[in-house]
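**Student:** The lines below spell out each chain.
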Amino acid sequence: MADDLFTPTIAPAAYEARRPPWRPQSLIFPAVFGGPTAVTVLALVNGRRLGVSRPAHLAVLGAGLAGLIARLALTLAIFDDGANRPVRLVGALAGGLVWLVASATQKRPFRAYELRSGQPASLWLPGLGAVLVLGFVEAALVALVAVA
Amino acid sequence: MTGPGTQLARVAQLLELNRPEQALAEVGRLPAPLATSPLAFRLRAGALTVLDRWDDVVAVARQGLAEHGPDAELLGRLGLALRHRREHALAERALLDALAIEPENPWLLCQYADLCCAVGQTDKARRLVERAAAIVPDAPAVFASRFQLAYARGDDRAAERVAREFLGAWPDNPVALALHGVAAAQRGRVGTAHRAFGQAAAHDPTDADYADAAWETLVYAHPLLLPLRPLYRLGIFRTWLLALGVIVLLSAAGLNVLAGLSALAWMLFCVWSWIAPPLVRRMVLGRWRS
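Chains A and B, in that order, give the protein sequences. Take the first sequence: its letter number 90 is residue 90 in our numbering, and every next letter is one higher. Each number in our numbering corresponds to the 1-based position in the second sequence with 1000 added.
Keep in mind that the hints are not guaranteed to be accurate.
Between beta-carbon pairs, the in silico distance windows are [said to hold, decoys possible]: (1) Q1063(B) / G62(A): 47 to 57 Å; (2) A104(A) / Q1063(B): 38 to 48 Å; (3) G1069(B) / G62(A): 51 to 61 Å; (4) L144(A) / D1055(B): 54 to 64 Å; (5) D1123(B) / L61(A): 25 to 35 Å; (6) A104(A) / R1229(B): 18 to 28 Å; (7) G62(A) / G1168(B): 40 to 50 Å; (8) A77(A) / W1170(B): 51 to 61 Å; (9) R54(A) / R1085(B): 43 to 53 Å; (10) A1202(B) / G62(A): 32 to 42 Å; (11) R54(A) / R1157(B): 25 to 35 Å; (12) E114(A) / T1206(B): 15 to 25 Å; (13) P12(A) / R1062(B): 15 to 25 Å; (14) A66(A) / L1218(B): 39 to 49 Å.
Here chain B is said to cover these stretches of chain A; the calculated rule only asks that three of the stretch's residues, wherever they fall, bring their Cβ under 8 Å from a Cβ of chain B [what the hints assert, rightly or not]: (15) 6–12; (16) 110–120.
To be clear, the hints were calculated from the coordinates, so they are not data collected in a lab. Where is the CB? At the ideal position from N, CA and C, for every residue including glycine.
Looking at chain B on its own, in the form it has when it is part of the complex:
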């Protein structure tokens, strides 16, 4: 015979094993008083969060809060779900209510920092991340928030450095792998990005975003997009500077025919970089569907 504690522990274990569907099914089988306990609400909201079922997270968190009163974890989940529903002011209210209960909770601090990044308040986000990092510097949530902060500030080098540190500390963490993929894609390293997203999808098959990102990077590895690799690696600004520099230098050296040919080649390259990616994406998607 299994006691109530054992049943809830089993649900928690299923969540630990990244089996949110099974965890939800298990919670659904709990007897009436246990199914409406504060822990059951937390576990249900946690499983729904993993499945990105944000409307359901909002409903479950609100029901749990209505039945049992303020709860930091449920408020945190509510804030996260409301952010995904783009209800930013309401998300902030929920997270602040949660932080009023647990002001030193690193996960809540990171959630609030992520929300601030998403609305462009990066200075406040930085202070929140620093506070969370002072408590648990090596927590995955802290690494992820540091990455988001660097990305939101447009500091791609810092984002790449954080992604490397994250992967070094948590080599099997799907978020670490995915962020490593994002950083690699940002720097034009399509192959590395594809491998990282593929590994992330293998570690967490429940998250469709990883598989989508792996597919997207596969598109960019298509042979028709090979000529665009230097553009992705160097970035738009440096590539333009290089191209214009070459054209101006050839022109200044009196090699007008070569300069003209270079300008023509560069224009064709630009047109190709504009039209090729959507065409290849459509082509590959069509082939996959058929």
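This is chain A alone, in the form it adopts within the complex:
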């Protein structure tokens, strides 16, 4: 009887060289300093580099959208309330929650990448860029919604 353990399951093109991914854990920094949009964009790019499954991509995208909507809703509630609460903290928390999803879906593929002797790419410039550009865009969007 043929043993299914000894059936080939590795496709030749599945693990071809892509651009090196970032360490999923490091995405926490742009998540907290940039907010949900920054970490979602970076996590989606990272997921592509790691070759994660479509459901994992969708989970990150869904968490990103949910995080952004939650941030906007909470900020509006805080402004309506007229209370002097830390609006920035809401953005950091929303980003942190998106990071949790990204980290959960990308931890295993990243470990496999490490076991293939892969080295992570530096998140320095992309992370800083995402924090400055996407963080600013998100802050502008929050301000617009709050004013409207």
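On the provided structure of chain A, position chain B as indicated by the hints.
**Tutor:** Relative to the frame of chain A, chain B by itself:
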């Protein structure tokens, strides 16, 4: 006078003593018919494997297979070398060919399990490791594969437990020491990791990876990185949770100045944790070079 059997036995003994360079030199001195025997190819591929000379392992294994036909050990070495060259599908083909000859060979089962871990197929890897463990539960290859499997699945506690068991069963094995170091580093125990990698390097000076890992952990023991120890020990998630919890609690208690100061300190800590490790690494490396 030494017979052909004695000469090959001497090469095998040199490999046992972890002297791959000498073993290779000895194989190079073998007379023509003996130098191209199946055992000579196995020994040469084995020595090259220890030296991580993967391109040469591929060449020697393929030559041996071409001259003598299918051989489980040479196919196994070929699979291992092809994995290191990131030719995963070809590595799988070689390992499956080897397992077709020796389906109950624990080393081959572990090699295939490691390959499956490296491509993210952890369920298949688990079944392969279980099969190998059923044959020889205490073999170093089985411990190493169990560790890799736990690591690939993101189960750091299980990986640490396996590393402890491995070290308990094989206290002088460099792989056991190195894996103990990896597990300790993963949990932020920099000193333990440094000692373990140092011992691994002392037991196997031919493997530069152990010395590199020992150096890397030395960087993390640098005084400038001392403030980051709690982060390494607790992990990113728990540290963040703790910090945010403190800030929210202070804010809820109306201690807004303290909450603000805590938030500022936490931000500075985060920035430091981001920029300090690469800077310290560069600094230490520069000092070592000069």
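**Student:** The structure should be examined with respect to each hint, and the outcome stated for every one.
**Tutor:** Structure-based check of all given hints:
1. Q1063(B) / G62(A): 47 to 57 Å: At 53 Å between Cβs, range holds.
2. A104(A) / Q1063(B): 38 to 48 Å: holds, 47 Å
3. G1069(B) / G62(A): 51 to 61 Å: At 55 Å between Cβs, range holds.
4. L144(A) / D1055(B): 54 to 64 Å: Given range 54 to 64 Å: holds, Cβ gap about 59 Å.
5. D1123(B) / L61(A): 25 to 35 Å: Because 26 Å falls inside the window, the suggested range holds.
6. A104(A) / R1229(B): 18 to 28 Å: holds, 26 Å
7. G62(A) / G1168(B): 40 to 50 Å: holds, 45 Å
8. A77(A) / W1170(B): 51 to 61 Å: holds, 60 Å
9. R54(A) / R1085(B): 43 to 53 Å: Violated - the Cβ-Cβ distance for R54(A) and R1085(B), about 29 Å, lies outside 43 to 53 Å.
10. A1202(B) / G62(A): 32 to 42 Å: Given range 32 to 42 Å: violated, Cβ gap about 51 Å.
11. R54(A) / R1157(B): 25 to 35 Å: holds, 30 Å
12. E114(A) / T1206(B): 15 to 25 Å: holds, 23 Å
13. P12(A) / R1062(B): 15 to 25 Å: 18 Å Cβ-Cβ, so the 15 to 25 Å window holds.
14. A66(A) / L1218(B): 39 to 49 Å: holds, 43 Å
15. 6–12: With 6 residues closer than 8 Å to chain B, the segment 6–12 of chain A meets the three-residue bar; holds.
16. 110–120: Our answer is that it holds, as 5 residues pass the Cβ test (under 8 Å) against chain B, meeting three.
Hint compliance for this structure: hints 9 and 10 are broken, all remaining hints hold.
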